[in-house]
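Chain order of the listed sequences is A and B. Each residue of the first sequence is one higher than the one before, counting from 1 in the working numbering. Each residue of the second sequence is one higher than the one before, counting from 1 in the working numbering.
Worth double-checking, as some hints may not be accurate.
As the list claims (entries may be wrong) - 27 Å max Cα-Cα, derived DSSO-like pairs, lysine-lysine: (1) Lys429(B) to Lys232(A); (2) Lys85(A) to Lys232(A); (3) Lys214(B) to Lys244(B); (4) Lys40(A) to Lys122(B); (5) Lys85(A) to Lys214(B); (6) Lys273(B) to Lys429(B); (7) Lys273(B) to Lys365(B); (8) Lys67(A) to Lys40(A); (9) Lys309(B) to Lys17(B).
Stated by the list, open to error - A short, non-exhaustive set of chain A residues, derived as facing chain B with CB atoms under 7 Å: (10) Phe50; (11) Asp117; (12) Gly237; (13) Trp238.
Keep in mind that the hints were calculated from the coordinates and are not lab data. Where is the CB? At the ideal position from N, CA and C, for every residue including glycine.
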Amino acid sequence: MPGDEGLLDRVVDWLPKTLVFKRVASWTLVPLWARLTPVKPLPGGPHLSFQHGDNVQCMMNLIMPLKVKSPIGRAEAALAIAQNKDAIFAGLNNVGTVHFARFVIVGDNICMFSVYDGDFTNYIRDFIATIGSVFNAVVELVEGGDDVIPCEENVEAFIQWVHERDLYQVPDTATDFLRDQEALNGEGAVSGNDDLTLLPRKLVLQLRANANVSLGSGYRAYPGFSVAQVRKQLGLGW
Amino acid sequence: MFDLADLQGNILRGYTKKPHVRYLILEVADPIAARRWLAASVSGRSDGVPQITTGNWGANRPDTCFNIGLTYEGLRALGTPSASLEMFPNEFVEGMTARAWKLGDVGPSAPENWPAPFNEPKRIHLIATIYAENVEQLDEIQERALTDGRALRLLAIREGCSFPDDVVHFGYRDNITQPRFEGVHDPERYPDKQPRAPLGTVLLGHPTNLEGLKWRVPLPAALGHNGTFNAFRVLEQDVAGFEKYLDRAASDLLEHPQVEELLPHGAEEKIGKGLSRRAALREIVAANLCGRWRDGTPLALSADAPDPKADLTDFDYVGESRCPYGAHIRRCNPRGGQIVQRVANNSRRLVRRGVPYGPAYDPAKPGDRDEPKRGLLGNFIGASLGAQFEAMSCDWLNLGLQDPRITGSNDPIAGANDAGTSWFDLPLKSGGSIRLRGLPQFVRTRGGAYTFLPSLSAIRFLGSPTI
């Protein structure tokens, strides 16, 4: 009962909310934790699922740091997209499994967010086969991109490179997050080691190792449909 | 031009005259001895380690054939340099069990449920395959392969034998269509509406089906060039369950208001001599699930009844083809038909080598509780497991992404179906369809491995005392 709390209880509850405590925690406690419990970044992309509806309208969230970190670099990125607009539309049409592709500049990063159906590697591979030149034009401007272009001649490495940059999608439930951590550490799928009191610490450590994440896997106002199902239903041809 | 003698023979040949097939699943016991074994397998000597059968038989057909595939763990165990190992594709490095969800190996097919030796995938290093005319020959070759116990340790055997006329367990004629390759097969000899496949469909280091795209060839060239990858699968088939489902579907159809459109009265004789109406409906369902009548006649050419005169491969799914969109052969290979992934037409083709295991099902004793285990030992060969076998399995066989009319359903025969949610549409001449439901899972994966089928140069490279 709130009224029964002593002074000490109130101080303990209040302390973590203070600015001083938060600073101290992030400067000393978190790095200390991280050294004691090394955490690998969780792999990006949608969670593996065999449920129909879960494997359509999947999210890809790429945040790629530009080589040139200035308005000039950002303008180059903007031009690379604008100049390839027609090819992008043609690619979307021929690959047939992409709902939306969005390019966004945030800070000195070019971000590519898309919603696609089915398997990630098939999606990227089909895109390389259709409009590899657009990937090359964008990735050329990105840190570490030179190693994997032209993408047509580095298909496997390019797909892996993109996958490594796809944001981790933090599950909506605590147990799923703990499961991901276990799977990453090679622990059994059902260890039963779901100590929820450890969740906040694990999440902090993961977000330290993995600063950019997607919260959830995208939220839809309707069940999952493929691009072709939508197009067919609307009479647009597919 | 390339040298057929540098390829393992099972890549381009089916060895159809050798019905007995035995797989030796092996672990490297000692890397030095194992490398010596590999060198001996290409030494040209007729005693000792069996000689690898190449793609060039010369004047004489060999009595037995012998081929090998190496897993990633196998390449490691042999001491392959890490610079070379790093160049192998991810899916091969991770191995088949790590890719389970892409292959539909979930639930009863999940690798956690696989029996030995497939429950310890990291111990599977080399899979040797013997093809022979009789079991004595299999035994002899096996003995020669395992004489040097220091080289390889036998973990398990899987053995199959072809049935007459290429029939397989569900009662269909199989082994009909294979990709024909540019520069290898004469198009006049093999009528096929499908374009001849570029050699890179099946061999590393050659142009692929996706224009301008190249798969990474592990270096040195002696190791990677002219090699390819194989998905070896042990697929258990529930034939009793399949026949029972046909019974049930036929009974349901007899009551269906549109059954007359599916099978006009009096047309039963065309389906098969002396068939009852119910038996004829069973065959119609079986044909639609597969895309072929059990004798192999493609529905794309003859949708109303089997036709012994119809060509078995010379067809396509263009226009108003009456092969169901969801039929097994159309899902796995949509040929030139309309699909969502337009760039992918003809790009996910595979060379398939399969042999049944276990005794043929006896319909006179249906529902026997102690049905023996039976199924298919399958090999799905292509230069890129990711772009071919996995792409086909993940988006086409299951999920059905290639056509909005089947999206959300799995392959009716080989898919990871759940009777509670599965469905399949039987097309009607009028353009409508009858939806079948309640298809259980007929095929369960009981093991498998991704292997690399090295060229003869690669076997020599791997067999040298110091790699």
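Hints, verified against the model:
{"no.": "1", "hint": "Lys429(B) to Lys232(A)", "in the structure": "holds, 21 Å"}
{"no.": "2", "hint": "Lys85(A) to Lys232(A)", "in the structure": "holds, 25 Å"}
{"no.": "3", "hint": "Lys214(B) to Lys244(B)", "in the structure": "violated, 46 Å"}
{"no.": "4", "hint": "Lys40(A) to Lys122(B)", "in the structure": "holds, 23 Å"}
{"no.": "5", "hint": "Lys85(A) to Lys214(B)", "in the structure": "holds, 26 Å"}
{"no.": "6", "hint": "Lys273(B) to Lys429(B)", "in the structure": "holds, 23 Å"}
{"no.": "7", "hint": "Lys273(B) to Lys365(B)", "in the structure": "holds, 22 Å"}
{"no.": "8", "hint": "Lys67(A) to Lys40(A)", "in the structure": "holds, 25 Å"}
{"no.": "9", "hint": "Lys309(B) to Lys17(B)", "in the structure": "holds, 24 Å"}
{"no.": "10", "hint": "Phe50", "in the structure": "holds, 5 Å"}
{"no.": "11", "hint": "Asp117", "in the structure": "holds, 6 Å"}
{"no.": "12", "hint": "Gly237", "in the structure": "violated, 10 Å"}
{"no.": "13", "hint": "Trp238", "in the structure": "holds, 6 Å"}
Checked against the numbered hints given earlier, this structure breaks hints 3 and 12; the rest are met.
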